[in-house]
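Spelled out, the chains give:
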Amino acid sequence: MFRKILIANRGEIALRVVRAARELGVQSVVVYSQADESSLPVLLADEAVCIGPAPAAQSYLNVRNILAAALVTGAEAIHPGYGFLAENAEFATKCEEHNLVFIGPRPDNIARIGDKSSARALAQEAGVPVTPGSGALADLAEAKAFAEEIGFPLILKASAGGGGRGMRVVQSHADLERQFVNAQEEARAAFGNPELYVEKYIEEPKHIEVQVFGDGEGEVVQLFERDCSIQRRYQKLLEEGPSTLDDGLRERIAEAAVRLAKHIAYRGAGTCEFLVDKQGAFYFSEMNTRIQVEHPVTEMITGTDLVQEQIKVAAGQPLSWRQEDLRTSGHAIEVRINAEDPEHDFRPMAGTITDVHWPGGPGVRVDSHVYAGYRIPPNYDSLLAKIIAWGPTREEAIRRMERSLRETVIEGVKTTIPFHLRVLDNAFFRRGQVYTNFIARRMSS
Amino acid sequence: MQTKDLRRLLDVLRDTDVSELTLETGEYKLTLKRGFGAPQAVLAPAAPHLPAATPLVFAEPAAAPAPAQPAEAPAAERLVDVVAPIVGTFYAAPSPEAPPFVRVGERVKPGTVLCIIEAMKLMNEIEAETAGVVREVLVDNGQPVEYGQVLFRIEPD
Chain A
1 MFRKILIANR GEIALRVVRA ARELGVQSVV VYSQADESSL PVLLADEAVC
51 IGPAPAAQSY LNVRNILAAA LVTGAEAIHP GYGFLAENAE FATKCEEHNL
101 VFIGPRPDNI ARIGDKSSAR ALAQEAGVPV TPGSGALADL AEAKAFAEEI
151 GFPLILKASA GGGGRGMRVV QSHADLERQF VNAQEEARAA FGNPELYVEK
201 YIEEPKHIEV QVFGDGEGEV VQLFERDCSI QRRYQKLLEE GPSTLDDGLR
251 ERIAEAAVRL AKHIAYRGAG TCEFLVDKQG AFYFSEMNTR IQVEHPVTEM
301 ITGTDLVQEQ IKVAAGQPLS WRQEDLRTSG HAIEVRINAE DPEHDFRPMA
351 GTITDVHWPG GPGVRVDSHV YAGYRIPPNY DSLLAKIIAW GPTREEAIRR
401 MERSLRETVI EGVKTTIPFH LRVLDNAFFR RGQVYTNFIA RRMSS
Chain B
1001 MQTKDLRRLL DVLRDTDVSE LTLETGEYKL TLKRGFGAPQ AVLAPAAPHL
1051 PAATPLVFAE PAAAPAPAQP AEAPAAERLV DVVAPIVGTF YAAPSPEAPP
1101 FVRVGERVKP GTVLCIIEAM KLMNEIEAET AGVVREVLVD NGQPVEYGQV
1151 LFRIEPD
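Chain order of the listed sequences is A and B.
Under the numbering used here, the residues of the first sequence are numbered 1 to 445, in order.
Under the numbering used here, the residues of the second sequence are numbered 1001 to 1157, in order.
One should not assume that every hint holds.
[What the hints assert, rightly or not] Computed cross-link-like contacts, BS3-like style, restricted to lysine-lysine with a CA-CA straight-line distance of at most 25 angstroms:
id	chain 1	residue 1	chain 2	residue 2
1	A	Lys262	A	Lys312
2	A	Lys4	B	Lys1121
3	A	Lys94	A	Lys312
4	A	Lys312	A	Lys116
5	A	Lys262	A	Lys116
6	B	Lys1121	A	Lys94
[Stated by the list, open to error] Okay, the calculated beta carbon distance ranges per label pair:
id	chain 1	residue 1	chain 2	residue 2	range
7	A	Pro348	B	Arg1135	25 to 35 angstroms
8	B	Glu1077	A	Glu402	33 to 43 angstroms
9	B	Leu1122	A	Glu402	49 to 59 angstroms
10	B	Glu1127	A	Pro55	39 to 49 angstroms
11	B	Val1080	A	Gly303	35 to 45 angstroms
12	A	Pro55	B	Glu1097	46 to 56 angstroms
None of these hints come from the bench; they were simulated from the model.
For every residue, glycine included, the Cβ atom is placed at its ideal position computed from N, Cα and C.
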């Protein structure tokens, strides 16, 4: 085991890693920007090193200062958390060049599965279904030929695209001709490149993701799935596990995730994301090569510690579990408490937390870096806390989460708590009828 | 501010030749003075809210970009901080046998090399940006330094 590790992140995830390290008897070094000088991970870590001013580009993304901090403090490994440098193959390579262990996948894992089109190709090689798609379209005739083959609805996407621009849902042949030209023009204007491709459009999918863990030698286990369908602009707000899908389908999706991770001899914690349609067909969408924000959902239903496991695997230990050791118990829900005003389009709010009181009691977990008097820096994301409620059944977990949110007091800024209470109270949510358009369709009042 | 923080501040005051310290935050303004008729000094506020329990490897926490008040300070006490622009290991001299680049009391001008910070096996020379006299050297040879840590204080001309 390592004697000392460095944590190249901030906020709740930095604290999460400090806690995991301490329980393993590993010393932690937290690096921080000047804006986070009095943050909880900095105060609670064994050592802390300032690596730059508030802007992330000069601190949390400052590879040179982070590596120098690891070297001068004698850290043997770097945990990147999520975001920032967590899925940066170049950073992982640099760590190795300086004889520092990157607590995560090998750089080649990150590079191959991190790239969208290469990930799609790998999934196909591994026999994992992907959304039927066309590749670059030369012209409208090619789009029409594809539509004949696959059927409607389809979605046109810009090859150079992102952020929804150049995207058009197409319902019929008549629609296709008009939308093709529109999407081309939009793509040309937005990206300087009119090239389009077309994919089968999945209506009202569920976003299901499978937690996997690999030892880098070809051994891979799966720790079941999470349902992360409740999203706002691709930002997850509430996650739960296990999903409400039937057991046969759950197993097939999990097996697909394991096949993909085995195919690349994946090392460490990873998540394979799938879209699942109403007919029970599922399609691989992407793989996240890091620990995820919502990992506590899995920890609560499987009784595991995924962050400790990341550190152990990085230190060269074999996986702690064989597949047959792993099972789920009960149901867990996580909500993200953000410093945002849900009444005003989720506008982020910086400010000082004047008072805070967390919920407690059976089955409740709070992961937060916030304390009374904490000033939220305007430079980073608005996540204040994750509250996780466990119950023997989904219904009991929902009631426990409601109870927990009503106990919670956060003063000084507006938070997403009132919004979460409305979701928990929603009849469709209660029935598990939750798809990625849930917020747009069921929550716009 | 808690009692233990105040005690720490008083300790700092006693251990240095600072005779007056003013600390201003959004919530309060604190002025500490020692003796009578001593020369006046103003210190930029360090972070007083770090609990003493946190074992930091570094000699002092990185000072927040300090809104220092040089305008009001007496001319003789207008010390300029030279801070570490990168994280690394501080070297006072170009080689183990060589004399230090600068000593307390020596004159420097913009471009004078003050020290080396080694980061990622690269030696980075840190140069003075101000002409003046080195009044304080705050780090030891071979010590790790973090971003923003004060290395030298220079009395400008």
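Of all the hints numbered above, which does this structure not satisfy? Sort the numbers upward. 4, 7, 8, 10, 11 and 12
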